[in-house]
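Q: Given next are the chains, with one letter for each unit.
Number of protein chains: 2
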Amino acid sequence: MRDIDYGRLFSEDTFSFFRSPVRDIFKRVDLNAIHSFAGGYPSAETFPLEVFKSTMAAVIDKYGGKAFQYGATQGVTELREVLSARYGVPVERVQITSSSQQGIDVCTRILADPGDVVLTSDPSYLGALQSFRSYRADVVGVPHEDSPEHFRQVYRSAIEDCLERGKKIKFLYMIPDFQNPSGETLSLDERKILVELAREYGFLIVEDSPYRELRYSGTPVPTIYSLDPDIVLHLGSFSKIFAPGFRLGWIFGNPEVLDKIYVCKQSLDLCPPVFDQYVAAEFMGSGDLDRNLAKSIDLYRGKRDLMLSLLDEYMPEGISWTHPEGGLFLFLTMPEGFDSVAFYDTALDNGVAYVAGSFFHTDGGGRNTMRLNFSFMTPERIKEGIILLASLLKKALA
Amino acid sequence: MRDIDYGRLFSEDTFSFFRSPVRDIFKRVDLNAIHSFAGGYPSAETFPLEVFKSTMAAVIDKYGGKAFQYGATQGVTELREVLSARYGVPVERVQITSSSQQGIDVCTRILADPGDVVLTSDPSYLGALQSFRSYRADVVGVPHEDSPEHFRQVYRSAIEDCLERGKKIKFLYMIPDFQNPSGETLSLDERKILVELAREYGFLIVEDSPYRELRYSGTPVPTIYSLDPDIVLHLGSFSKIFAPGFRLGWIFGNPEVLDKIYVCKQSLDLCPPVFDQYVAAEFMGSGDLDRNLAKSIDLYRGKRDLMLSLLDEYMPEGISWTHPEGGLFLFLTMPEGFDSVAFYDTALDNGVAYVAGSFFHTDGGGRNTMRLNFSFMTPERIKEGIILLASLLKKALA
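Protein chains in written order, with the working numbering: chain A, 1 to 398; chain B, 1 to 398.
So that you can see chain A by itself, here it is in the shape it has in the complex:
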């Protein structure tokens, strides 16, 4: 029997797929056997197992067979209504997604043709870069500038460059709160500048907001969506406020755009997981979510503070890091010339994992950076891991 030449049958898109180095780390090592600062995992301590158990039993008693039947493509009404009430967004502007990663993917699908520009901060979320590239979008990364004036200038200049190249800019992707990977938060001025530019040049903003409710210090900044709900698609996630094992997220947006997403989602997967949606609605509606979130925030604040103080105490000269007010990550910058991709094998052989910063860059830059997660491990493992990493870095930089 002849061998099959599958390559001949694959679509053009597949040649732009690239695999996640983060997900590949999880294939390579047992997360529980090493000091892992690599993943964006919540701590399993934050999952209230007995509450989940009783919430599930309550959902079965309350909804019966309906909880296990096919559901509406927009999501079940009960969940859309609790989100609407919590965030003050009209229910017709709420679409439930089967994970906020699906939110990113479906927005890209309905907006970007091959060659169209997607603008994003540089660095940016790896899973978003995977999705943009999988549709053969032209991903243009814009480095962060600290003053609003410079911020506007680098974005405007990136936009003008694209237009000069004859490109269509479809949307700007941004994680304004406790960004993945940098941990940084955009100021209100910066958010307003992005809305002004989107209005001026006629593109949309995809605001990815999975960490927003995990704030440990400082003052909340209004969402970009709240500044202009018709130019922004706001993506939310249950992964960090409930549990990632339920694959649930949401999109807030203009109904005309949501209608395209609705029809697309019919053929993607018919509807989000129904039972999980009722559990999420019950958990949120009963107040359990907020009670649990308050505990998670206390836990993560402690871990962030611990990691920051350990970095201060143990890291050698010449290394700097961000000081996030929330979220799951902070970002280290080593001296120019340091290569965090090459260093990775040394680190892993010694039992500590991180994600090399260049994976988050649109142009392979940031070789001297790395992302550290502080939510997943116990304080003891964080301490051991940072001391270990610091000593390895000291040797490498000597």
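Calculated from the structure, these hints are not laboratory results. Please note: incorrect hints may appear among the correct ones.
Note: identical chains are not told apart, hence a pair may lie in one copy or across any two.
Below, computed lysine-lysine pairings styled on DSSO-like, alpha-carbon distance capped at 27 Å [to be verified]: (1) K192 - K394; (2) K167 - K62; (3) K66 - K383; (4) K66 - K53; (5) K66 - K295; (6) K395 - K53; (7) K192 - K168; (8) K383 - K295; (9) K394 - K168.
Given the coordinates of chain A, work out where chain B should sit on it, guided by the hints.
A: Coordinates of chain B only, in the frame set by chain A:
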């Protein structure tokens, strides 16, 4: 503030999206208030609520936080292993999907470029047609012929037509067991012919198999996958043997093709719902699935037999229907000239719903056909509904 011209921003694909008339029926009417033969819903009676409740509690006790954490993109090992054991397929050939609709969609995504041919039976599953068209595939429907000789001939001639038009044929999509919408099953000879043609012309077969385990009479026919596992992507679903409210399915296939699906799925939604997968693994592994399936088969056999005998008793002359050996549907053919789309409003106004057969046809044909579901309603409602539909048809045909 200026209005936004969203149309200018939408991708080319979106202009080929079409909405499901079936899902729109569910928006228009309350399924419980009418006699609905429209959906492909399992009966809620088949969901063993107390077993689900205890299975969930057992999963939480057994796996703890792991059941609520992010999971592997291929699916959790425990579920892949029970599927591997049940169906005798090596575990490296098993990919879990977030619904078998996602299986259809991701196969199309990795194979079809705009203009590429997807072959399918005519009629075919509406949700598959939505997905193929959403990627701007050239969907070519092949009508069913009863003798193997004619069957081979119509497929070969459709294939040759495509090649003459300079088209690439990427795959053939087929539901060989108790097809949606016709209820018909392909013979072993027909399955062998499809494999021979796929090998000869170098395209893949996507075998969609959601109803296979719901057999009420007759003898099982080998899957197309079992005839040639390297040319076939076999799609399975938990929706009809467990519950559709868990959005879970699987793909069996050659590892080289599965690897493309794996990387694609990373950016689609990272991983299938984790807790639901452990519940499915537990439910299947404990024997509860088989115990429950045996009851579902008895229930549905009774409903099928009831509907067939009611059709015999009440339908006017000139109407014929299929006699499925399993699944959820049978298919009615009215005399030429009858228009089941136009008749739909009359039926719905009188409290009975079906799906017009033309929605399942690739070319708008089959205006004189309709699909009836027999799984969802109680025997009493089936009886009232068929008597009602027969009397309305009698008037319309008079």
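Q: One pair to classify: K383 and K295, alpha carbons no more than 27 Å apart. Within, between, both, or neither?
A: within (21 Å within a copy, 56 Å between copies)
Q: At most 27 Å between CA atoms: does that hold for K192 and K168 within a copy, between copies, both, or neither?
A: within (22 Å within a copy, 48 Å between copies)
Q: When no copy is named, should K66 and K383 be tagged within, between, both, or neither for a Cα gap of at most 27 Å?
A: between (48 Å within a copy, 23 Å between copies)
Q: Under a CA distance limit of 27 Å, which applies to K167 and K62: within one copy, between copies, both, or neither?
A: This pair counts as neither: shortest intra-copy Cα distance 53 Å, inter-copy 53 Å.
Q: Up to 27 Å between alpha-carbons, please classify K192 paired with K394: within, between, both or neither.
A: So K192 and K394 fail the 27 Å test inside a copy (42 Å) and across (65 Å) alike.
Q: If the cut is 27 Å between Cα atoms, do K66 and K53 qualify within a copy, between copies, both or neither?
A: Close inside one copy (19 Å) and across copies (14 Å); limit 27 Å.
Q: Checking an output row: K66 and K295, CA cutoff 27 Å. Within, between, both or neither?
A: Only across copies: K66 and K295 sit 19 Å apart there, 32 Å inside one copy, limit 27 Å.
Q: Pop the pair K395 and K53 into one bin, within, between, both or neither, using alpha-carbon distances up to 27 Å.
A: Result: close neither inside a copy nor across copies, 49 Å intra and 55 Å inter.
Q: For K394 vs K168, is the C-alpha pair at or below 27 Å within one copy, between two copies, both, or neither?
A: neither (46 Å within a copy, 57 Å between copies)
In the structure shown, a violation is registered for the earlier hints numbered 1, 2, 6 and 9, in ascending order.
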